[in-house]
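**Q** Residue numbers (our numbering), protein chains in the order written: chain A, 1 to 491; chain B, 1 to 483.
Treat the hints as calculated values from the structure; they're not laboratory data.
Each hint should be verified, as a subset may be incorrect.
As the list claims (entries may be wrong) - Straight-line alpha carbon distances no greater than 20 Å define the calculated EDC-like cross-link-like pairs of lysine to aspartate or glutamate that follow:
hint : chain 1 : residue 1 : chain 2 : residue 2
1    : A       : 353       : A       : 376
2    : B       : 372       : A       : 99
3    : B       : 405       : B       : 349
4    : A       : 82        : B       : 367
5    : B       : 477       : B       : 19
6    : B       : 252       : B       : 389
7    : A       : 78        : B       : 389
8    : B       : 375       : A       : 376
To be verified - Ranges of calculated distance between the beta carbons of each label pair, as one might list FRET restraints:
hint : chain 1 : residue 1 : chain 2 : residue 2 : range
9    : A       : 134       : B       : 378       : 44 to 50 Å
10   : B       : 239       : A       : 294       : 55 to 61 Å
11   : A       : 294       : B       : 97        : 47 to 53 Å
C-beta: ideal position from N, C-alpha, C; glycine also.
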Amino acid sequence: MSTLKITPLVGLEIHVQLATRSKLFCNCTVEFGAKPNSRVCPVCLGMPGVLPVINKRALDLSIAVGLALNCRITRHSKWDRKSYYYPDLPKNYQISQYDLPLAHDGYFEIPSNGSMRRIRIRRAHIEEDAGKNIHDTPGCTLVDLNRAGTPLLEIVTEPDISSANEAHTFCTELQRLVTYLGVSEGSMQKGHMRFEPNINVIVEHSGVEYRTPIVEVKNLNSFRAVRSAIDYEISRQVAGWEADNDYVLGNRPNENRGWNDTRQVTEFQRPKEAAHDYRYFPDPDLVPVEIDDHWLQRIRSEVTEFPLARRGRFVAQYGLTDADADTIVSDRATADLFEAVLDTGAPVSIVSKQFVNIWLKIANARHTTMAQLGVDARRMGELASLVQVGTVSPTAANQIAERMPDTADTPEALANSMGLVQVQDIKAMEKWLDEVFAANERTVQDALTKPKKASGSIGFLRGQVMRVSGGKADPGLAGELIEERLKKMSE
Amino acid sequence: MTLTETIAAVRAKRCSAVEVVQQSLDAIEKHNERLGAFISVEGERALQRARDIDARIAKGEPVGPLAGAAVAVKDNMCTAFGTTTCASQILSNFRSPYDAAVVERLEAADAVIVGKTNLDEFAMGSSSENSSYCPVRNPWDTTRVPGGSSGGSAVAVAAGLVQGALGSDTGGSIRQPAALTGITGLKPTYGRVSRHGLVAFASSLDQIGPLARNVRDTACLLKVIAGHDPRDSTSVGCAVPDYTALLGADLKGLTIGVAAGDFGKGLNDEVCKAVEAALGVYRDNGARIVEAHLPHMKYAIACYYLIATAEASSNLARYDGVHYGVRADRHEGIVDLYCASRDQGFGQEVKRRIMLGTFALSSGYYDAYYLKALKVRTLLARDFEAAFEQVDVIASPVSPVTAFKLGEKIDDPLAMYLADIHTTSVNLAGIAGLSIPCGFDADGLPIGLQLMAPHFAEERLLAVGHQFQCLTDYHTKHPPQST
Numbered sequence: 001m002s003t004l005k006i007t008p009l010v011g012l013e014i015h016v017q018l019a020t021r022s023k024l025f026c027n028c029t030v031e032f033g034a035k036p037n038s039r040v041c042p043v044c045l046g047m048p049g050v051l052p053v054i055n056k057r058a059l060d061l062s063i064a065v066g067l068a069l070n071c072r073i074t075r076h077s078k079w080d081r082k083s084y085y086y087p088d089l090p091k092n093y094q095i096s097q098y099d100l101p102l103a104h105d106g107y108f109e110i111p112s113n114g115s116m117r118r119i120r121i122r123r124a125h126i127e128e129d130a131g132k133n134i135h136d137t138p139g140c141t142l143v144d145l146n147r148a149g150t151p152l153l154e155i156v157t158e159p160d161i162s163s164a165n166e167a168h169t170f171c172t173e174l175q176r177l178v179t180y181l182g183v184s185e186g187s188m189q190k191g192h193m194r195f196e197p198n199i200n201v202i203v204e205h206s207g208v209e210y211r212t213p214i215v216e217v218k219n220l221n222s223f224r225a226v227r228s229a230i231d232y233e234i235s236r237q238v239a240g241w242e243a244d245n246d247y248v249l250g251n252r253p254n255e256n257r258g259w260n261d262t263r264q265v266t267e268f269q270r271p272k273e274a275a276h277d278y279r280y281f282p283d284p285d286l287v288p289v290e291i292d293d294h295w296l297q298r299i300r301s302e303v304t305e306f307p308l309a310r311r312g313r314f315v316a317q318y319g320l321t322d323a324d325a326d327t328i329v330s331d332r333a334t335a336d337l338f339e340a341v342l343d344t345g346a347p348v349s350i351v352s353k354q355f356v357n358i359w360l361k362i363a364n365a366r367h368t369t370m371a372q373l374g375v376d377a378r379r380m381g382e383l384a385s386l387v388q389v390g391t392v393s394p395t396a397a398n399q400i401a402e403r404m405p406d407t408a409d410t411p412e413a414l415a416n417s418m419g420l421v422q423v424q425d426i427k428a429m430e431k432w433l434d435e436v437f438a439a440n441e442r443t444v445q446d447a448l449t450k451p452k453k454a455s456g457s458i459g460f461l462r463g464q465v466m467r468v469s470g471g472k473a474d475p476g477l478a479g480e481l482i483e484e485r486l487k488k489m490s491e
Numbered sequence: 001m002t003l004t005e006t007i008a009a010v011r012a013k014r015c016s017a018v019e020v021v022q023q024s025l026d027a028i029e030k031h032n033e034r035l036g037a038f039i040s041v042e043g044e045r046a047l048q049r050a051r052d053i054d055a056r057i058a059k060g061e062p063v064g065p066l067a068g069a070a071v072a073v074k075d076n077m078c079t080a081f082g083t084t085t086c087a088s089q090i091l092s093n094f095r096s097p098y099d100a101a102v103v104e105r106l107e108a109a110d111a112v113i114v115g116k117t118n119l120d121e122f123a124m125g126s127s128s129e130n131s132s133y134c135p136v137r138n139p140w141d142t143t144r145v146p147g148g149s150s151g152g153s154a155v156a157v158a159a160g161l162v163q164g165a166l167g168s169d170t171g172g173s174i175r176q177p178a179a180l181t182g183i184t185g186l187k188p189t190y191g192r193v194s195r196h197g198l199v200a201f202a203s204s205l206d207q208i209g210p211l212a213r214n215v216r217d218t219a220c221l222l223k224v225i226a227g228h229d230p231r232d233s234t235s236v237g238c239a240v241p242d243y244t245a246l247l248g249a250d251l252k253g254l255t256i257g258v259a260a261g262d263f264g265k266g267l268n269d270e271v272c273k274a275v276e277a278a279l280g281v282y283r284d285n286g287a288r289i290v291e292a293h294l295p296h297m298k299y300a301i302a303c304y305y306l307i308a309t310a311e312a313s314s315n316l317a318r319y320d321g322v323h324y325g326v327r328a329d330r331h332e333g334i335v336d337l338y339c340a341s342r343d344q345g346f347g348q349e350v351k352r353r354i355m356l357g358t359f360a361l362s363s364g365y366y367d368a369y370y371l372k373a374l375k376v377r378t379l380l381a382r383d384f385e386a387a388f389e390q391v392d393v394i395a396s397p398v399s400p401v402t403a404f405k406l407g408e409k410i411d412d413p414l415a416m417y418l419a420d421i422h423t424t425s426v427n428l429a430g431i432a433g434l435s436i437p438c439g440f441d442a443d444g445l446p447i448g449l450q451l452m453a454p455h456f457a458e459e460r461l462l463a464v465g466h467q468f469q470c471l472t473d474y475h476t477k478h479p480p481q482s483t
């Protein structure tokens, strides 16, 4: 058999839970993990006589995503009912948007193999979430409707994604985008993002292209599952075609499949042809949504700069590495803080290092974000400036930073009180050198006799000087003195 | 006593609210078995509220504009007291956790709700025979229907059991029973009255309105229940005029439009004559009667029965025996639970309409039926807009026939649907429609005149109706044995 050329075609349907305080059509609080059926009212319970009233915040947030995804915003949009019977759907219809989605025809650029790939966005529409059926009691199903009516944005891409890795990148970048915009918490644990990839492959054999039937993998809730399920499906479909050349679109049904995380396989659920007739029709209880220029302008001005653009600007304007820019722009508050620190006049090279190496670690250790550490831009700027003028060493700055969230003291005051003001006194330095050279004879010998190891050894000795000095030594001066002393010894 | 007289009497302490309510309760006790107007009566609660009103009047404290009036609401409006059944078995045990907006407004105005009235199940019908409890009977002749679906509310007023009542009108359900029982009924403009708490039949057509003995009482009730409600996105914010104060508006130069040609097929001769006589009354008082051109009117019934059933099939999906209401005893699995509960819980007419609507919305049929009906609806609304550029109000019969015998049409749903010929177009266009008594047939059964006005022109409609009642006495006639 001649070699096959395989081109996967993957499109994604992604549900993003919008970070509104109340539900989409009533005043109930959106809250994860509350006591079952404690965040409900007649509206989200679908009691007789109730009417939905749209949460405008959900529209604001969705427009922001639409703009960030370069979509066209539908100026005249509406609500439709999607009918199906299920116990977790109290009205037995879901309020959604069918033929006039809020946003459509956009694109999202993601990094792929060192360049940017443009993935087209077909549409993004708002809908209400269903509740949850709980099957853990034998013989009965319990229904928790706390989640019923939670606002979701469903984003649908064109099948422009060509690998599991690319899909994975798309999902993580989208998570970054929505959290950055503040439109979603994007928490995977709380089910804020759910993914449904549509997958098929083009098999090219002897110059002829064959397309396999399309498989939709339902309800994935982790990035890892997205990658694994797509990889699995690509292999399964290629193998399926190899075993049966009639396994092609049109001759075999499209399918819905589920991901079995334990067995790491997809499992057949139902053929697409048996899809429900959802009997969509416009919801007569809600008025259409008219989005005027003023409204769009307001959202545009709230969403100043989208993360990808900002990342690019940070690289170009501040000379950050891609990796550092990536970290700093990961959420909007951090990026805003970074620029606020620079506005104090602090040097960008030191500030960026401190953000990535110090502040991020402190924030992570405290399970919070840099913006919420309790250290404002002014004090962060002062710390960077202390390093720049040599008052404290970068190592000492670490120690000072550790203390800063718990005190309102300036970094300079902390440097003094902690005894970390850098010592440039040669006598004191010589004393620390004596101590280090005496305790590390072997390394000193290496530095003298093994040219290949020399620079590593010098680095080690300098580190030891910093250690015995308690971070007070000026590392530059220490390095110079170490080299001088070694030179003398070798003479 | 009329509503207006009762309120004045209570306010002037000529009688107490307790006396009014007790009288109402006694009358219900005496006549309800014969008439079937009420599904539930909240006597003790009503008396308690009446005592509270009397106490406030005695102390000289302010009371609401409807203080002391005994009223009834159709049992498809949610009340936090008693049950809200929609005359259906599937909600026979249903107790709403909240009050409908209109119930809040009535009670805030110190009206006393004495009970909840019978109707065609989920308001689907034109005879009030489709109640799963008992049919409502016409007090003018108890072998005849009172019309529907607000038959219970109409009969409660016509028989003098209450001074006023609320009904809901999706395709004529206030106006037609008002006509068949000889009282006044108003279907307000869509969006004039909040639907919050009205159990939906067809959301884009449903509207709550008052039924009373005359136009003045009707205006008085409308003033209380009208107005914007943030809980209903389709309710409209425009100001609520003082309808009673505007009843005497100058009607010089009034132009009344009459649908071109005859009033449609199946029109009873006596109804035709009474309506023409009513137009004569207006003409004699200076009104100009002209032809109104409504070319799409002939599609109204077909259009109505597609839209109404489509919306109903969706609105009634929630009654599945899972979360509330009646659940079938024996079932195997969830699908069987749905099927059995709905099979046992819904009556024939409701099932028929759910099936019609489900079909109309199905993939492959949507464009031919529902979508086309929406387009016709737009054309019909434009017909009215154009007509109202030439005329102030449009007149027609309410029903082509007077009250028919119980059982006479129940096995011929199509004949029953066709009798809605004059009323459905008002709901489709979303405009206001008023039904006032304009005569009696040879059997002494009441005949109604329908007047229609543009969106939010209720004050014009009521003034025109009031003028007729100043010149005639049909509205003062009461059925035998009434109180």
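**Q** Take the hints in turn and mark each one as holding or not.
**A** Each hint, compared with the structure:
1. 353(A) / 376(A): holds (17 Å)
2. 372(B) / 99(A): Holds: residue 372(B) and residue 99(A) sit about 17 Å apart, inside 20 Å.
3. 405(B) / 349(B): With a Cα-Cα distance of about 18 Å, the restraint between residue 405(B) and residue 349(B) holds, given a limit of 20 Å.
4. 82(A) / 367(B): Holds, because 16 Å separates the two Cα atoms, which is no more than 20 Å.
5. 477(B) / 19(B): violated (24 Å)
6. 252(B) / 389(B): The given pair, whose Cα atoms are some 17 Å apart, holds under the 20 Å limit.
7. 78(A) / 389(B): violated (31 Å)
8. 375(B) / 376(A): Given pair residue 375(B), residue 376(A) is violated - Cα atoms ~61 Å apart, limit 20 Å.
9. 134(A) / 378(B): 44 to 50 Å: holds (46 Å)
10. 239(B) / 294(A): 55 to 61 Å: Violated, since residue 239(B) and residue 294(A) (Cβ atoms, about 25 Å apart) do not stay within the stated range.
11. 294(A) / 97(B): 47 to 53 Å: violated (39 Å)
Hint violations for this structure: numbers 5, 7, 8, 10 and 11, all remaining hints satisfied.
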